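From just these sequences and the hints, can you work out the full model?
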Amino acid sequence: MQQVFHTWIWGSSAIPPCRSSPVLSGWMVNVGGQPFSGLSRDAQLGLSQGSGWAIQEQSRMLVTGGSGLVGRAIERVVKTESGEREGEEWVFLSSKEANLLSAEETRAAFEKHRPTHVIHLAAMVGGLFRNMRQNLDFWRNNVHINDNVLQAAHEFGVVKVVSCLSTCIFPDKTTYPIDETMIHNGPPHESNFGYAYAKRMIDVQNRAYFQQYGVQYTAVIPTNVFGPHDNFNIEDGHVLPGLIHKTYLAKKEGKPLHVWGSGRALRQFIYSLDLARLFLWVLREYDEVDPIILSVGEEDELSIKFAADAVVEALGFKGDVIYDTSKADGQFKKTASNAKLRKYLPDFKFTPFKQAIKETCDWFVANYDSARK
Amino acid sequence: MYGLLSSDNILFIKPHLSLSLCLSLSLCQMDGSVGPMRVLVTGGSGLVGRAIERVVKEGGGREGEKWIFLSSKEANLVSAEETRAAFEKHRPTHVIHLAAMVGGLYRNMRQNLDFWRNNVHINDNVLNMSHEFGVVKVVSCLSTCVFPDKTTYPIDETMMHNGAPHDSNYGYAYAKRMIDVHNRALFQQYGRKYTAVIPTNMFGAHDNYNIEDGHVMPGLIHKTYLAKKEGKPLQVWGSGRALRQFIYSLDLARLFLWVLREYDEVDPIILSVGEEDELTVKDAVDAVVEAFGFEGEVIYDTSKSDGQIKKTASNAKLRKYLPDFKFTPFKQAVKETCDWFAANYDTARK
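These protein sequence lines are chains A and B, in that order.
Position one of the first sequence corresponds to residue 1 (UniProt numbering), numbered consecutively onward.
Position one of the second sequence corresponds to residue 1 (UniProt numbering), numbered consecutively onward.
It is worth saying that the hints were derived from the structure and are not from the lab.
In silico lysine-lysine, DSSO-like type, Cα no more than 30 Å apart, as pairs:
hint, chain 1, residue 1, chain 2, residue 2
1, A, K173, B, K193
2, A, K343, B, K150
3, A, K340, B, K150
4, A, K354, A, K343
5, B, K282, B, K229
The structure displayed is predicted, hence computed values, not measured ones.
Structural data, given as structure tokens:
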């Protein structure tokens, strides 16, 4: 049976795609008082098959940042968990193939691959300390990447883009738990304001595309992601991969494990494979332009110390663990609500934390030489 | 030349990374000073640019200074290449960055994407080229319309990022806000002291008087002129009850020069008349009607949006620096502007 994907048309409320029968997609609707045609750009340009209804029998999913932590997880889920559906083609783009800082190279990649859908993961990312030193680069580079990808997607008639934000971009002064409506309610934490604003502007741009053109681009907001294929660089990486690498070395060299910060900072961690499964759901089913937090619940918030203990246990490290309190903790907490996710997917099961840590540590040990660090 | 950096109350000295670049481009002398100022004004042919040009010519400029007023005819600043070419040609030491895609309420409401993208590109190009070419100071231009919609009043400089802007022009508003983000990031990473001003509603000669897409004052002036000429009623959009602080472009220009030369902060500064001088749109209508001697009917079309009902801004920071600065009286400024418009109707932008 062939799956067909349909262009999404918006009236005053979203109409979910119907996979078992064709959906009428060529009617005129009013959004915000402005009439616009619900036909996909391809149909308007006469580029798609059929009579001009925006039915696409072949979907091509382009994943930018395809070789990164989340990209590799999506690739694995697509390939091994029957995540790939008939009529879908998945392309995982890496920076080797196209430098998305360049508008020309981005356009060339879109011209080559002609995606119908995009999962946009590519970004300049780094851990706390690198962000603190280079806010300008994090701001500029990410704004350019995001603008290039979103604009190319729009020009090439991509029907849906799912971009990737982060809970670290939320306002620093805030009540908890944070939720999707609060992203723009105040300045972000000073440590990474460049990165944070660049990510926030994805949401601004998504809303503007929808308002001006009716295209439905959206975004997800994961909490702290971890898993295989991460960047395990100790200086510039994120907390969990940094811990994993440091514990591995500490064990190998018979030295103490130095953890930066007090260990008391709190985080919600999400395993990359769980995030990947949710990404596919968002791509196929989630209907809103407003972003959605993808995270374990508030009840599963953990301290850095707890995470360090799990890593120590997974790697069988027996030495001393020392907390260097002269180093910054970053934001003390960023507790996010996953109520919106739970409203849509009340039964989604996250991989238990210790199991996910064990799998990640095992992967790191087995792939130490080639792992990014 | 050394710049002072302050981070979390720790003051330390860091050499300007621009010194070597500055020297290599022959922009400065061995002691790090930049020699005579070469000021590039982007958006130089617009409302504020022309006002600055006039103030510079009438005694605001200093000996040895060179002022270049760039217009979009010469360089399309949405393009990185054209921006670079302009900087290469003019080699400025200072920049007053006024160029932007601007429009009135109704155009913003229709095209938030274009307002966002084009302004982000313009601003990034200008700020990035300034940094690359060792420009020692850039003064960009924000607006009180970029402030959070849900807020207490009066608004002040510290509040700019404290919430989402008004829905009517969020594309423009965020693009302008990001100038401040870019300035702070440039300071943090390289010690550059680029800053920005935040004017309230400006008006004056050389404005864009387009009725559909212009701002409230020039729109009123044009409509009143036509109403008088055609013997028809004056139709004002909105209820007339919206409140605004208006600043005359020549006053703004004088303040811009002070900011360029004396204002030392990276944080932006509001340039405006005080809260006590806030006026309704109806007050503005009455002043324009009086200036033109219009005697016909004035009708308020309440089916049209008012935009934000108020945006009261505090000018306390400005007053702290310049307690004695005198603003041109409103009616006089309106009269001068209306007289200019009537005399220049054919060539005025509309």
